[in-house]
Amino acid sequence: METLLIILLLLMIAGAIYALEAKDLLSAVVSFGIVGFGLVICFLLLQAPDLAIVQVVVEVLVLVIMIAVIINTTREEIKEKIPRSTYIYYILGFIFVVGFIYLFAVSIQGLSEFGKHSTRMATEYIKNGAVKTGSMNLVSGVVLDFRGYDTLGEITILFTAVVGILTILRLKGRKHE
Amino acid sequence: MKGMTIIVKKITQIIAGPIFLYGLYIVAQGHLSPGGGFAAGSFIAGAFILLVLAYGDKLRHLKTEEFESSLIETLGILFFIITALGALLLSIRLGFIPVFFKNFLTKGIPGNLFSAGIIPLLNIAVGMEVGGALFTIFLEFVIRSSKEGK
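Respectively, the protein sequence lines represent chains A and B.
Sequential numbering of the first sequence, starting at 1, is according to our numbering.
Sequential numbering of the second sequence, starting at 1, is according to our numbering.
Check the hints yourself; a few may be wrong.
[What the hints assert, rightly or not] The calculated label-pair distances, taken between Cβ atoms and stated as ranges, are: (1) B/15 <-> A/5: 27 to 35 angstroms; (2) B/146 <-> A/163: 20 to 28 angstroms; (3) B/88 <-> A/119: 25 to 33 angstroms; (4) B/10 <-> A/44: 28 to 36 angstroms; (5) A/161 <-> B/83: 16 to 24 angstroms; (6) B/89 <-> A/98: 39 to 47 angstroms; (7) A/117 <-> B/106: 29 to 37 angstroms; (8) B/146 <-> A/161: 17 to 25 angstroms; (9) B/114 <-> A/161: 40 to 48 angstroms; (10) B/100 <-> A/103: 38 to 46 angstroms; (11) B/83 <-> A/110: 34 to 42 angstroms.
These aren't lab readings, by the way, just hints derived from the structure by calculation.
No experiment lies behind these values; they were computed from the predicted model shown.
Beta carbons are placed, not taken as given, at the ideal position from N, Cα and C, and that holds for glycine.
Model the full structure from these sequences, guided by the hints.
Okay, structure coming up:
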């Protein structure tokens, strides 16, 4: 299964790189969809159906909205001339990539093996969660019972985002320029 | 924003209702099967977003109606907080340790539809909040763009 995951992740990376480099914006959006649906298959392989459902719905919504935006506006990418004569960008990028890979290799030394975990709280939740909350779906039980404050914070963030967007885009009460 | 062709409109007419019903099913079964409030809210908002995208902004005089989805979203977050506060207050009356988000209702038999205490109520609240929020954001951009297009 790890081999399959690695192949999927490489495909997702290729899709993301093509989405950056594509001339046509529609094909960029479609190749960006590879990332989302690859993530859905990854979640299904790792046996997380809750995350897979949310990811597939959000991915479809985002793709449909992006394609509607492109149909209603333009398909051409606006080209801006970046002076690439200096090699300093490439050198800085190379240094960043090397440093990132080094820090990543250092930081994964302390992790446990793939598919195993050594967290005490999670083990307790998995053992006694269904009895304590009475919910058959353990994710729902953890999210809404043990971690109720987290869910409260999440929906508060969503509410704040909506209030901010309604305030910025409001039509009533705006002075006519 | 313009609508799409007759094929898209007809298929949307057929398929939007089942998507909405599937969202309701997921929010009702959130404590039994995979899913829950976030997925269900996305499904419900998706059904309405599909309708608006297919029919354009002529659907039900969208230029003036922007109130209901925002109301649903506000009611959702209010319902969530009231349930959590009510659990705090009622657990004092019922003799439990008073905790915010106390699961004070009876647990029932795990696996039944009416089980798991207040978790289904909180699921419904989260579903209302997420669906209302996503649809409000989308609708606000559509109304704004159609106003600016003139």
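Determine whether the Cβ-Cβ distance between residue 100 of chain B and residue 103 of chain A falls within the hinted range of 38 to 46 angstroms. holds (39 angstroms)
Would you say the C-beta atoms of residue 146 of chain B and residue 161 of chain A sit inside 17 to 25 angstroms of each other? holds (22 angstroms)
Given a hinted range of 25 to 33 angstroms, is it respected by the beta-carbon distance of residue 88 of chain B and residue 119 of chain A? At 29 angstroms between Cβs, range holds.
Is the hinted range of 28 to 36 angstroms satisfied by the C-beta distance from residue 10 of chain B to residue 44 of chain A? Given about 32 angstroms between the Cβ atoms, the range holds.
How does the Cβ-Cβ distance of residue 83 of chain B and residue 110 of chain A compare with 34 to 42 angstroms: does it lie in that range? Holds, at about 40 angstroms.
Assessment of proposed distance window 40 to 48 angstroms (beta carbons of residue 114 of chain B, residue 161 of chain A): Violated, since residue 114 of chain B and residue 161 of chain A (Cβ atoms, about 34 angstroms apart) do not stay within the stated range.
Quick one: are residue 146 of chain B and residue 163 of chain A within 20 to 28 angstroms, going by C-beta? holds (22 angstroms)
Has the hinted range 29 to 37 angstroms been met by the Cβ atoms of residue 117 of chain A and residue 106 of chain B? holds (33 angstroms)
Starting from the hint 39 to 47 angstroms, judge whether the C-beta atoms of residue 89 of chain B and residue 98 of chain A obey it. violated (58 angstroms)
16 to 24 angstroms as the expected CB spacing between residue 83 of chain B and residue 161 of chain A, which holds or is violated: holds (22 angstroms)
Does the Cβ distance between residue 15 of chain B and residue 5 of chain A fall inside 27 to 35 angstroms? Since residue 15 of chain B and residue 5 of chain A have Cβ atoms about 33 angstroms apart, the given range 27 to 35 angstroms holds.
Of the numbered hints listed earlier, those contradicted by the structure are 6 and 9.
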